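Kindly produce the complete structure, drawing on both the sequences and the hints.
Which chain is which? The protein sequence lines are A and B, in order.
Going by the working numbering, the first residue of the first sequence is number 1, and it counts up by one from there.
Going by the working numbering, the first residue of the second sequence is number 1001, and it counts up by one from there.
These are calculated hints, taken from the structure and not from any lab test.
Everything numeric in this text was worked out from a predicted model, so none of it was measured.
There is no bait here: all hints are sound.
In silico lysine to any residue, SDA-like type, Cα no more than 25 angstroms apart, as pairs: (1) LYS1223/B - SER177/A; (2) LYS1063/B - GLY1083/B; (3) LYS1223/B - GLN89/A; (4) LYS1223/B - GLU179/A; (5) LYS1253/B - PRO88/A; (6) LYS1371/B - ALA137/A; (7) LYS1253/B - SER177/A; (8) LYS1371/B - SER1396/B; (9) LYS1253/B - PRO181/A; (10) LYS1253/B - GLN89/A; (11) LYS1063/B - ASP1049/B; (12) LYS1371/B - GLU138/A; (13) LYS1077/B - GLN1120/B; (14) LYS39/A - ASN157/A; (15) LYS1223/B - PRO181/A; (16) LYS1063/B - PHE1074/B; (17) LYS1223/B - LEU90/A; (18) LYS1077/B - GLU1122/B; (19) LYS1371/B - ALA1387/B; (20) LYS1077/B - ALA1112/B.
Chain residues, written in single-letter form:
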Amino acid sequence: MKRLISHLLAVLFALATVIHAQAQSPESIWLSAINTTYKIGETVLVAVNGSSVTPIQGFTFQIRYDPACLRPVNASSPIPGMNGLQLPQLSGLVDGSYASTTPQTVNGALAEVRFTALQGCQTGLYLESAALAVRNAEGFATLLASVLVGERSISLNIDRAVGVSQSPAPDSGSILSLEPPVAAEQGLAGWIIGMLIVLVFGGIGLGAYKFFRIGG
Amino acid sequence: MKSKRLFQILVLITLFFSSLGGGQSVSASSSAAPLQDPIVINRNLNIWDATFIGFVSAGIHEKWSLDLTEPHNFEVKASTVAGDLVPLLILLDSNNVELARGTGSLVTSQSAGSYYVQVQPESGAGFYFLTLREVASTQPSASTVVNPASLNVGEIATVTVNLNNVPAEGYTSAEFTCTYDASLVQVSNIAATNLFGADSAVAINGPQNGSFIVAIAGTNGNKAVTSGPAFTFNVTALQAGQTTILCIARVSKGDNVLTELPSTGSTLTIGGTAPSATPIESPTSTATPGGSPQPTATTPPLESPTPTSTTAPAESPTPTLTSTPVESPTPTLTATPLESPTPTFTFTPVSSPTSTPSPDGTLTGQVIASKPVIVTLYEGNVPVTSATANPDGTFSLTAPAGSYTVVATSSGFLSAQGSATIVAGSTNTKPTISLLAGDLDGNNVIDQFDALTIGMSYNTSTPSAADLNNDGIINVLDLELLAQNYRQTGPSVWE
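Here it is as C-alpha cells:
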C-alpha cells in the first residue's frame, strides 16, 4: 500500500513537472503567491515570474488591485543589474518597470511585489499587462514577441483579525517604491465647497420664496 | 648642551600652557626622526570649542588627533599668542595623507573617521591658541554616511546618502555616482526616499565594477526642497579591509544643468571575523504558478513601440476592482481589460483641398522643444510643404491659400497637430506651443517602453531620441523630462 502511494506520488510529481514546463515554454510571464490568506496589517507578497531563453533588458508589469483592501508598498527584483524605473503610480494600478544596461536570461521571479492588507475582505490581484523587453537595433526598448501570459489572477482572503505587521522591506534586490498617489484632499475640499454652494443657494432660494410669498 | 636645555625648557612651557586648555592631557613624544626633521609632538583635539595652547617652531611641529563619529563641517583655527609665528594647519587622514591645508585657519567638511591636524610654522615660531568649532555650513553639499562604520565579514551596513543645505528653490533632480571597493563590499537594496516626492522617477545604473549611479527626478512639479536622505543602500562585507564609500552628487534646478556638489564619503572598516550564518537571500516567493497555469493570452499587453505605431495609451486610469466583505465567499474581482489600441494619429483636413492653384500665403509660429522641430503642412494626408524650425522654435511656411493640417514633430517628443488657414498674400500666425518630451519611440504615447529605453541606454548617447534635453548623454535629466509627461498621449492639440 505504501509502495503504491509512493508510485502514485512519483507519477503525480512527474506530471506536475511536465505541466510546469509547458506553462513556461518558451517565453512566459505569470503571477504567483505562496500565501493567499492574510490578516489586516500583514504584508501581502506576490511574485511576477518570467521565463525567457532570449536575454532581456527589461520588463514591465501592471497589476490591478483594490485600493480599499490593499496598499502597494514596493517591488524588488532579484535579477542582478535589473534596476527599477520609478514612475508615477495610479491608485488601483501597480505600474512597475525594470531595465538593465546588459541583456540577461531570466527564469523565475522577475519581481516580488508587496502590499499591505488594509481591511478584511475578499479581493484579488489581476496582472493586467506584462511584457518582457529587449533593446532593438536602433536602441529602443521593444517588447519581446510571443510571450505567453500565464496565471493572471490571484484571489486573496484578508481576515478581519489584525495580524502582526512585518517589515515590507525586501532583503535584497533593486527596490521600486509603489506608493500610490496621496488621496486627493482637493476632492474632499471640492466636495465641501460644493455642499456650501448648495446650502447658500438653497438658503437664498428659500429666502426669496418666503419673501415673495409674504409679499404676495 | 645649551640647545638641549633650551629644548627642555620649551617642552616644559608647552606642557604647562597645554594644561590650561580644556584640561587635556598631553602625550608629548618625539618621533624617531632624523635630527634634521622637526620633532612632532602628538596631541589630542577631541573637545569642541575648547582652547588649547601649543608651541611650534622650525624644529617642533604639533600633530593633533581628531576623531569624528559623524560627518562634520568644522573650522580649526590657530591664533598666534606670542612670537612672530604664522601658523600653517594641515589636515591629514588616518594614513597621514594630506586632505587640506590653510594658513591660520582651516574650514573643511569631513565624514566620520580619524584625522590629524598638524600645526607647523609657515614662518616664524611661537605659541598659539588652537580651537576646533563646528561651522554651520550654508553651502549645498552631499554626504555619504555608513552605519555602522565598522563590521565583520558577512555583516551588513546601511549607507545613507544625504543632500545638505538644499536651497529654497529646490532641486528637480539629482544624480549620484557612488564608488566603493567591490572586492570588499557588495551593494544591494538601493532605494530612493521621498525627498523628491512620493512619485519620483528613479533610475539606477549598476552596481558594476565598484560603482553605480542613482538618478532621482521629481515628477508632477515635485522637487527636493528640504535637506535629508535622498536614498539608502546596503553594503555586505565580503572580506577584511577598508574602503571609502563616496557618492558624488550632481543636481539640477530644472534648468537642464547638472551642478556638482561638494560631496563627502565615509570609510568602512571590515574586520576579518565572519559572523554565524547570515542569510541574505530574498524571500523564496519565486513559486511556480499555482494550479495548472494555462497560457491564455498571446497579444502583447502593451503597444508595440515601433516608431510608426499609432496606439492609444494602455492603462485605464480609473481602478475598477471592487471587493466584497469577507463574509462573501465569492471573489468579485472585476477588472476591466485594456482597451484595444485605437489609432489616434490621423490627419483630418478641415476642408476639402482647393481645386485650383491659389496665390501663396504664409504661416508662422513657434514650437518649443529642446531638439530640432519640423513643421509640416498636410492637405488631407499628403504633405504639401515642411520646414525645420529655427533654434528658438520659430518657423515660417509658404503655401497656396487654403485650409491645411499643420503638424509639428521632434525626435523624442509627442507631436502637435492643428488646423491652419493660409490666406493669399497675408501671414497667419499659429499660437506658440510646447511639445511634450518623452515619446522616444514615436508611438504617440509616453509609456513604460520609453522609460525602459532610457534605463537600457543610461549614460550612453544612443538612441538620440532618448537624449531629450539634447545634451549628448542619456541620463537623469532625460528621465526627469519623461516623468513629467508620463502617460500623456498625442498628438497634442495645436489650437
